[in-house]
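Student: Spelled out from the first residue to the last, the chains are:
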Amino acid sequence: MNALVALVLLTVAAQEPLAPEQCRIVTDAASAVTVMHAGKPYRLANEPCRAQFLSDPERYSQLYDALAELEAAGRPAATARASLVPS
Amino acid sequence: MCAVCGPREGAGFEPVKATATYKGKQYFFCSVECKVEFLKDPDAFLITDEGKPAPDFRLKTFDGRAVSLDDYRGKVVLLDFWATFCPPCVAALPELQALHAKHGARGFSVVGVTVDDRAALVQKATGRAKVTYPILQATPEVWNAYKVNALPALILVGRDGRIIKRYGGEADKQAMLAEIERAISTP
Chain A
1 MNALVALVLL TVAAQEPLAP EQCRIVTDAA SAVTVMHAGK PYRLANEPCR
51 AQFLSDPERY SQLYDALAEL EAAGRPAATA RASLVPS
Chain B
1 MCAVCGPREG AGFEPVKATA TYKGKQYFFC SVECKVEFLK DPDAFLITDE
51 GKPAPDFRLK TFDGRAVSLD DYRGKVVLLD FWATFCPPCV AALPELQALH
101 AKHGARGFSV VGVTVDDRAA LVQKATGRAK VTYPILQATP EVWNAYKVNA
151 LPALILVGRD GRIIKRYGGE ADKQAMLAEI ERAISTP
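First to last, the sequence lines map onto chains A and B. Per the working numbering, the very first residue in the first sequence carries number 1; after that it's consecutive. Per the working numbering, the very first residue in the second sequence carries number 1; after that it's consecutive.
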């Protein structure tokens, strides 16, 4: 019984939405999903990532496109929030 | 990063490197990184506190004089959150001084609030622009209270002490000037 509860908790934890940067990284082909927006496919890590994307496709498609642009340019996106103090 | 490129509804002083559309409006950014920050949590940038009381503050000028927002009760105040490391902020100083001088007799004042603690740089920038309105030293409490997350941030406060509107700089200039005129004309 305890093992079953642990399995359920682990499954729920695994299904929690990830940060957008993480949603773009597909580590498990079995859980990966693809969504289409404006004729373009977006491959995402899992079902919660898809749900997050579909909650506001216009916003998330732009976000993922921008993250891909940064990645292609070799500039990782900042993980911290914007600061008033110059770095 | 993002120190000077808030979401702007129009091109500003800095070259636009990225754009994003959110809820039917287009926003402009000076870097793709800023666009990413914005898209992660747009509502954090698009603060709607219009009509709410402007948080009171008591801040010091660089020569040690204490100034509070309450000192301006009954006046229309344009709070200018700025810093010397923000080029559009520095570029706007002469125009803000001109506004202050033009409408001062009608119950209007610009109040600068700098997040910069380098007095010499602040005095150089304000001296060059011949600024006569008070320049106050911000504290984290004040910029948090005003939810300033990008510079420049201009906040127009009405005679009743309530926030009328926020502006992001040059791109919002015409709308801001019209609103200042409206606020001054309102008894």
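Keep in mind the hints are simulated off the structure, nothing from the lab. Backbone N, C-alpha and C fix where the C-beta goes; we use that ideal spot for every residue, glycine too. Heads up, a few of these hints could be off.
[As the list claims (entries may be wrong)] Here are a few chain B residues that face chain A, going by a calculated C-beta distance under 8 Å:
no., residue
1, V16
2, T21
3, P42
4, D43
5, L99
6, A101
7, A105
[Stated by the list, open to error] Derived PhoX-like pairs (lysine-lysine); straight-line CA-CA distance at most 25 Å:
no., chain 1, residue 1, chain 2, residue 2
8, A, K40, B, K23
9, A, K40, B, K25
10, A, K40, B, K75
Student: If a hint holds in the structure, say so; if it does not, say that too.
Tutor: Consistency of the hints with the structure:
This hint is violated: V16 (chain B) has a C-beta 14 Å from the nearest C-beta of chain A, more than the 8 Å allowed. A hinted interface residue such as T21 (chain B) counts as satisfied when its beta carbon comes closer than 8 Å to some beta carbon of chain A; here the least separation is about 7 Å, so the hint holds. Taking 8 Å as the C-beta cut-off, the interface hint given for P42 (chain B) holds, the closest approach to chain A being about 7 Å. Look at D43 (chain B): its Cβ only gets to about 11 Å from chain A, farther than 8 Å, so that hint breaks.
Annotation: L99 (chain B) was flagged as interfacial toward chain A, and the flag is violated, the nearest CB pair being 24 Å apart, outside 8 Å. Annotation: interface hint on A101 (chain B) violated; nearest CB of chain A at approximately 28 Å, more than 8 Å. The beta carbon of A105 (chain B) comes no nearer than 34 Å to any beta carbon in chain A, farther than 8 Å, and the hint placing it at the interface is violated. Of the supplied pair hints, the one linking K40 (chain A) and K23 (chain B) holds, its CA atoms being roughly 20 Å apart against a limit of 25 Å.
Between the alpha carbons of K40 (chain A) and K25 (chain B) the distance comes to roughly 22 Å, so the proposed pair stays at or under 25 Å and holds. Proposed proximity of K40 (chain A) and K75 (chain B) is contradicted: the alpha carbons are some 53 Å apart, above 25 Å.
Going through the hint list in order, the structure does not satisfy hints 1, 4, 5, 6, 7, 10.
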